[in-house]
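> Sequence:
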Amino acid sequence: MTDAAPLVVRSPGGWRNALLLGLAVAGATLAAWGWVLALPLTTGADVWPILAQGRRALGDPTVLWREQYLEGMWPGARFFRPGLVAFAGLEWAAFGEHPFGYHAVRLLLAGLAAAVLGRLAATRGRLPAAAFLLAAFAFLWHPLRVETIPAIARDADTLFNLSLGLTVLWLSRAREADGRGPLVAGLLVALCAPLFKEPGLLAPVIGIVVLEPWRRRDPGWRRALAGAGVLAGGLLAQIGWRLALLGTIGGYEQTWVELSRIEALEASLLALADHQAFGLWPWALALLGLALVLAGLAPERADAAPRSVDRWRRVGLGLAVWIAGMTGAIVTASRFRSRYVEAALAPLAVLAAAALAGLLARALERPRDPRRTGAAVAALAALALVVLPGTPLIWSYPQWERAGHVGAAVLDAVERLAAEAGRSGETRRATLGRFELAARPLADGGLVLTVSPFPYKVAEPEGRLTGSITTVVIMGQQTLQGFARLRGLPLPLVIRRGPPALDVRMEDLEPLASVSAPGGNPREDAGH
Numbered sequence: 001m002t003d004a005a006p007l008v009v010r011s012p013g014g015w016r017n018a019l020l021l022g023l024a025v026a027g028a029t030l031a032a033w034g035w036v037l038a039l040p041l042t043t044g045a046d047v048w049p050i051l052a053q054g055r056r057a058l059g060d061p062t063v064l065w066r067e068q069y070l071e072g073m074w075p076g077a078r079f080f081r082p083g084l085v086a087f088a089g090l091e092w093a094a095f096g097e098h099p100f101g102y103h104a105v106r107l108l109l110a111g112l113a114a115a116v117l118g119r120l121a122a123t124r125g126r127l128p129a130a131a132f133l134l135a136a137f138a139f140l141w142h143p144l145r146v147e148t149i150p151a152i153a154r155d156a157d158t159l160f161n162l163s164l165g166l167t168v169l170w171l172s173r174a175r176e177a178d179g180r181g182p183l184v185a186g187l188l189v190a191l192c193a194p195l196f197k198e199p200g201l202l203a204p205v206i207g208i209v210v211l212e213p214w215r216r217r218d219p220g221w222r223r224a225l226a227g228a229g230v231l232a233g234g235l236l237a238q239i240g241w242r243l244a245l246l247g248t249i250g251g252y253e254q255t256w257v258e259l260s261r262i263e264a265l266e267a268s269l270l271a272l273a274d275h276q277a278f279g280l281w282p283w284a285l286a287l288l289g290l291a292l293v294l295a296g297l298a299p300e301r302a303d304a305a306p307r308s309v310d311r312w313r314r315v316g317l318g319l320a321v322w323i324a325g326m327t328g329a330i331v332t333a334s335r336f337r338s339r340y341v342e343a344a345l346a347p348l349a350v351l352a353a354a355a356l357a358g359l360l361a362r363a364l365e366r367p368r369d370p371r372r373t374g375a376a377v378a379a380l381a382a383l384a385l386v387v388l389p390g391t392p393l394i395w396s397y398p399q400w401e402r403a404g405h406v407g408a409a410v411l412d413a414v415e416r417l418a419a420e421a422g423r424s425g426e427t428r429r430a431t432l433g434r435f436e437l438a439a440r441p442l443a444d445g446g447l448v449l450t451v452s453p454f455p456y457k458v459a460e461p462e463g464r465l466t467g468s469i470t471t472v473v474i475m476g477q478q479t480l481q482g483f484a485r486l487r488g489l490p491l492p493l494v495i496r497r498g499p500p501a502l503d504v505r506m507e508d509l510e511p512l513a514s515v516s517a518p519g520g521n522p523r524e525d526a527g528h
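Residue numbering for the sequence shown follows my numbering, beginning at 1 and increasing consecutively.
FYI, nobody ran anything at the bench for these hints, they're computed from the structure.
There's no promise every hint is true.
[As the list claims (entries may be wrong)] Label pairs and their calculated CB-CB ranges: (1) G446 to A26: 44 to 50 Å; (2) I262 to G34: 19 to 25 Å; (3) L236 to L58: 26 to 32 Å; (4) R180 to D444: 53 to 59 Å; (5) L188 to L58: 20 to 26 Å; (6) L491 to L30: 38 to 44 Å; (7) R180 to D60: 31 to 37 Å; (8) R313 to A38: 43 to 49 Å; (9) D60 to A38: 32 to 38 Å.
Note that the coordinates shown come from a computational prediction; the quantities given were computed from them, not determined experimentally.
Backbone N, C-alpha and C fix where the C-beta goes; we use that ideal spot for every residue, glycine too.
Based on the provided sequences and hints, a complete structural model is requested.
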């Protein structure tokens, strides 16, 4: 027996099982997130500068390794993400300004990440198909995903999560006598993960732990040691390059409101179990505790072949490092957003699904034990309470569509204002809700755009079932400059800030005014 997991393709039955599970993940992705396909391009504040840099990289590939991420557009932030820039450039070459392609690719990535996590859970060996589906659906449907899946600018999160999952998946098989393919694939994806986002620097560390090169119990230890050396050398090289280019491995220079370590952990718990502010997480924890009591708190004996047991142990080591690394990043960072917890959600979904599949397997044994059945029911109810109330299966988050259309209208108004100022050679003004914009042409053909008051706190979609979730439009330097480069507006585009405006909402950005005459007062729309 080689493995109890459902995606080992060695027979027609294996292919059939893999196909059915793949169709289930695809259907779950479309059922929950199909509405994203109709969103405009302007979901995510960083989409325009990302695409602008990606398009430049198409003509000059040296941009990928000699420039920092969003170079010159995001003062105070120093990052190096050449993989994300290259990915954005390929998307721009394929789709241009047509949003459907971008959103379709993002749904594909989300489904692939969920399937990889399901495959990891299935290596537990007890009810592998159930473990696969539980892990995939828990990650795919969790309310935290609404902060990344609708936003084009959040591809980095999905790509590095997918990379970390593939690292654990392939390297956990690398010491088996089935060729060098998994080792080579695992090494490559582990070394590529940091190119998408800074937390990906954890991937080589996870890979070394999964390979366990210090253990010499099987013939694959030499191969594992060689792989660990490649990962260590690649990690050091990437860190060295970041230090040379950025002066840091990546981060913000701004001073943000800091959370204490305890506050960061509390915020992470709430993000995972109380994202929709329903107050259900105490019930979920109580049910989980009941499940542990009913299960007798005894470790379950694995009902699988020795090789599968050993692989799950290596998968578990990788997941433990993954969780520890992401938790450490959360509590040491000076800036917290709940979507950062999504990186810890991925390994937690795998562990939860594997444990639940084990409880279900014990509950279905003959003769049936009421205690085990109760434990399985309680644990499943706890997972459902954490995930389902805020899942997009129940609430489709229409504020995303509204925010995207408002963002598109704001940028269209800026484009019209810039064009009018360029043609006339004089200052033009416009109002957008509570904001006033003035475009003044420069002698060198550039443009000064003044935004007053300046929205230091960006507009965030809010709805009945959610708090603020993510930035969707910002009238700030990075978005407007990126937009100007892609749309051919006068350059350089200089953004001047008026007095600060805090607590910005969608209503504050409604574009309900037209361009004014030179030096005159804005002519507000009659409907405003």
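> State for each hint whether it applies.
Going down the list of hints, with the structure as the test:
no. : hint                     : in the structure
1   : G446 to A26: 44 to 50 Å  : holds (48 Å)
2   : I262 to G34: 19 to 25 Å  : violated (40 Å)
3   : L236 to L58: 26 to 32 Å  : holds (30 Å)
4   : R180 to D444: 53 to 59 Å : holds (58 Å)
5   : L188 to L58: 20 to 26 Å  : holds (23 Å)
6   : L491 to L30: 38 to 44 Å  : holds (41 Å)
7   : R180 to D60: 31 to 37 Å  : holds (36 Å)
8   : R313 to A38: 43 to 49 Å  : holds (45 Å)
9   : D60 to A38: 32 to 38 Å   : holds (34 Å)
Hint 2 from the earlier list is the only one contradicted by this structure; the remaining hints agree with it.
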